[in-house]
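*Asks:* Residue strings, one per chain:
There are 2 protein chains.
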Amino acid sequence: MGRNIPYDIKYYIFSQDKSFELESGKKFGPITVAYETYGTLNEQKNNAILLIHALTGDTHVTSDYDKDDKTPGWWDTAVGKGKAIDTEKYFVICSNCFAGCMGTTGPASTNPDTDKPYGLEFPLTTVRDMVSVQKQLIDFLGIKKLKCIMGGSLGGMQVLEWSVLYPQMLESAIVIASAYKTSPQIIAFGEVGRNAIMADPNFKNGNYYDGAPPEKGLAIARMAAHITYLSRDSMEAKFGRDIKKDLKESDEMYGFFGPMFQVESYLRYQGRKFVQRFDANSYLYITKAMDLYDVTSGKNNLTEVINKVQCRMLVISFESDWHFRPSESWEIVKAMMNKGKEISYVNINSPYGHDAFLIKNVEMEKVISSFINTKRDK
Amino acid sequence: MGRNIPYDIKYYIFSQDKSFELESGKKFGPITVAYETYGTLNEQKNNAILLIHALTGDTHVTSDYDKDDKTPGWWDTAVGKGKAIDTEKYFVICSNCFAGCMGTTGPASTNPDTDKPYGLEFPLTTVRDMVSVQKQLIDFLGIKKLKCIMGGSLGGMQVLEWSVLYPQMLESAIVIASAYKTSPQIIAFGEVGRNAIMADPNFKNGNYYDGAPPEKGLAIARMAAHITYLSRDSMEAKFGRDIKKDLKESDEMYGFFGPMFQVESYLRYQGRKFVQRFDANSYLYITKAMDLYDVTSGKNNLTEVINKVQCRMLVISFESDWHFRPSESWEIVKAMMNKGKEISYVNINSPYGHDAFLIKNVEMEKVISSFINTKRDK
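Chain order of the listed sequences is A and B. The opening residue of the first sequence carries number 13 in this note's numbering; numbering runs sequentially from there. The opening residue of the second sequence carries number 13 in this note's numbering; numbering runs sequentially from there.
Wrong hints could be hidden among the right ones.
Same chains, same label: a pair holds when it works inside one copy or across any pair of copies.
Quick list of in silico lysine-lysine cross-link-like pairs, BS3-like style, CA-CA up to 25 Å [said to hold, decoys possible]:
hint, residue 1, residue 2
1, K216, K250
2, K250, K311
3, K216, K320
4, K285, K320
5, K311, K256
6, K256, K38
7, K353, K216
8, K93, K30
9, K57, K387
10, K101, K387
11, K285, K82
12, K39, K372
13, K57, K157
Calculated from the structure, these hints are not laboratory results. Remember, predicted model here, so these are calculated numbers, not experimental data.
Just chain A, same shape as in the assembly (with noise of 0.2 Å):
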């Protein structure tokens, strides 16, 4: 919260003055939402995109304002002035997610009933939910209409989930590297991190704001989603099976457990890193958010949902993808085609797997900024 904006970076909390309706049913709130913006809003408002960042991202879209900014954006890359994302023309809303720790209410937020961190205590969160305070904040700064809505991973779910929500708020959506729901695979690592975070003894139940934080059960959470993130590939050719360089073979190669590999080493510091930004309630409710989203509710009926859908769209996604396939992504666009809708689809041959759109690509760049760009005759 004390980051220190410069003066075209905007980065604000919005507060709102009542509670809302969680999917669940139960009321829940006011809450604050932190959310960054980069550009300038027209007098029209029709020039805002809303960028969803994907599960353990943040507000910060891109260092493009600020030649100090020690932190560089989660999409530095696109976003920005000249880029593909231009900020020059649009303005860029990024806010973090319901649930998330990075300055929107979530379980590390002080619940107002007892003056402590909520904990477990915080509702379960769904994509829903996350979608439903955006569109608070979108309202909240007078926007009927966005230009277009993007997101990638989880950041793709909640841009499918505005399509199918709020459907005349939007002229075009880009949904990247996602899927209309979760498959039993990613469901079953999402479980695996969660399992190791409640495993630490540290846990105790979600309460552990006045202690040390479970910091070696996030770390494996994180150890074993980012195997997810990256290609069999990329891991051949970064890693491959080189030995960690200031080991010596003789003394501690054949003796413990520490890391040894490169690979070893690099999951760990991931994992490390990871722990210091990053709040291990807010990952168990953000995970399952994901788990638990589908489109069609378990229904099944995609190609209906998805009629409800209003503006054009652009699905991207990665051939090395492994968390959200192609053939995913492709489920999505055939229900658009079923329905006669306005769909782009590209599948771009990266060998990045799921990390690929976070990753400087040309390709996926052009395809973006084309498609934002594009001009109709309504």
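Using the hints, position chain B against chain A.
*Replies:* Relative to chain A, chain B alone:
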């Protein structure tokens, strides 16, 4: 060790009388080796088949010999009287691997120097060490040449290692669902599991034998690994997004992080079941042995190493296996072909992923039985 042994199953402990040299150069032992045999060794001692169990297997291959046996063998489907690996013709041997916890010396065994369990004082173990212990057993049984050696997964790696280390002792070899080295992706999963075990406060640096074992950590390790044994499609077919039936959506679905999807409940069950039969330290040592395995010892000269093989070989892979992929079996086959070795290769179109070789599969059984029974003029 207290198994009730019926007349024609033989569960033995073979104890060495001297130490032996590990791949690391360290002297270790004497050790004991647990093994079972099925069928009868003929006078010429030329009808012996050595079966090598996978990562967490044991000596108990088939319950075919005991109608009261409540513990099915790990390869009941393929091994027994009149089955693909016919114990009326062949003398089948299966020993528990070195560093295991099913009768053969491992980290839970007593260290004679301290009168306490070895724990992490146990020497780091390699696939070659496992093979050299099996070799001592085969020598002890007076068998000069094995009719066949076969195994799946880590067992297949041991078959490969046998084939290049003691080529003159093999008449034929079958490598099932395996690889000549472990990929970084699978090393990464191994590292997640090892970290989960070591993060468990009960682990106590491996010295947990006089207290509660690190069951939570071991269960998480098993859960993560288990996902890699199933194919995406078989998980989809078996679980889909089915909800566990004894939960009521109204109260439990939105309120806690217990199992909810069938796949979550199944994984937790697999974890719980596993910790009842397996030692966490053994798991560390055996997974590490698998991750360390590379038949070329990092020299990447597979064709040259394969040139040591003197027997005919059958390689079997499964189309949906992503733990050890068909392409990894194909590497072995290519190297054999490059050297003009006698090689058969079958890629079986099973949907069951890596675990396919443990599931009844008529095609696999026919291929194996036909391969073993092939007669040659020498």
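*Asks:* Run every hint past the structure and note whether it holds.
*Replies:* Results for each hint:
Proximity of K216 to K250 under the C-alpha cut-off of 25 Å is found in neither arrangement, the shortest distances being 38 Å within a copy and 34 Å between copies. In this homomeric assembly, K250 and K311 come within 25 Å of each other (Cα to Cα) only across copies, at 18 Å, whereas the closest approach inside a single copy is 41 Å. Proximity of K216 and K320 under a CA criterion of 25 Å is satisfied in neither setting, with 43 Å inside one chain copy and 56 Å between copies. In this assembly of identical chains, K285 and K320 lie within 25 Å of each other by CA distance neither inside one copy nor across copies; the values are 41 Å within and 46 Å between.
Within a single copy, K311 and K256 get their C-alpha atoms only as close as 49 Å, which misses the 25 Å cut-off; across copies the closest is 17 Å, which meets it. With identical chains, the CA atoms of K256 and K38 are at most 25 Å apart between copies only, with a shortest distance of 23 Å across copies and 51 Å within one. For the homomeric pair K353 and K216, neither the shortest alpha-carbon distance inside one copy (49 Å) nor that between copies (60 Å) is at most 25 Å. Proximity of K93 and K30 under a CA criterion of 25 Å is satisfied in neither setting, with 37 Å inside one chain copy and 74 Å between copies.
When the C-alpha separation of K57 and K387 is checked against a cutoff of 25 Å, the pair qualifies only within one copy, where the shortest distance is 17 Å, while the shortest distance between copies is 82 Å. In this homomeric assembly, K101 and K387 come within 25 Å of each other (Cα to Cα) only inside a single copy, at 14 Å, whereas the closest approach across copies is 77 Å. In this assembly of identical chains, the alpha carbons of K285 and K82 lie at most 25 Å apart only when taken from the same copy (16 Å versus 48 Å across copies). Taking the closest pair of Cα atoms, K39 and K372 never come within 25 Å of each other, the shortest separation being 41 Å inside a single copy and 52 Å across copies.
Taking identical chains as interchangeable, the C-alpha atoms of K57 and K157 lie at most 25 Å apart only when both belong to the same chain, with a minimum of 8 Å there against 83 Å between chains.
Hint compliance for this structure: hints 1, 3, 4, 7, 8, 12 are broken, all remaining hints hold.
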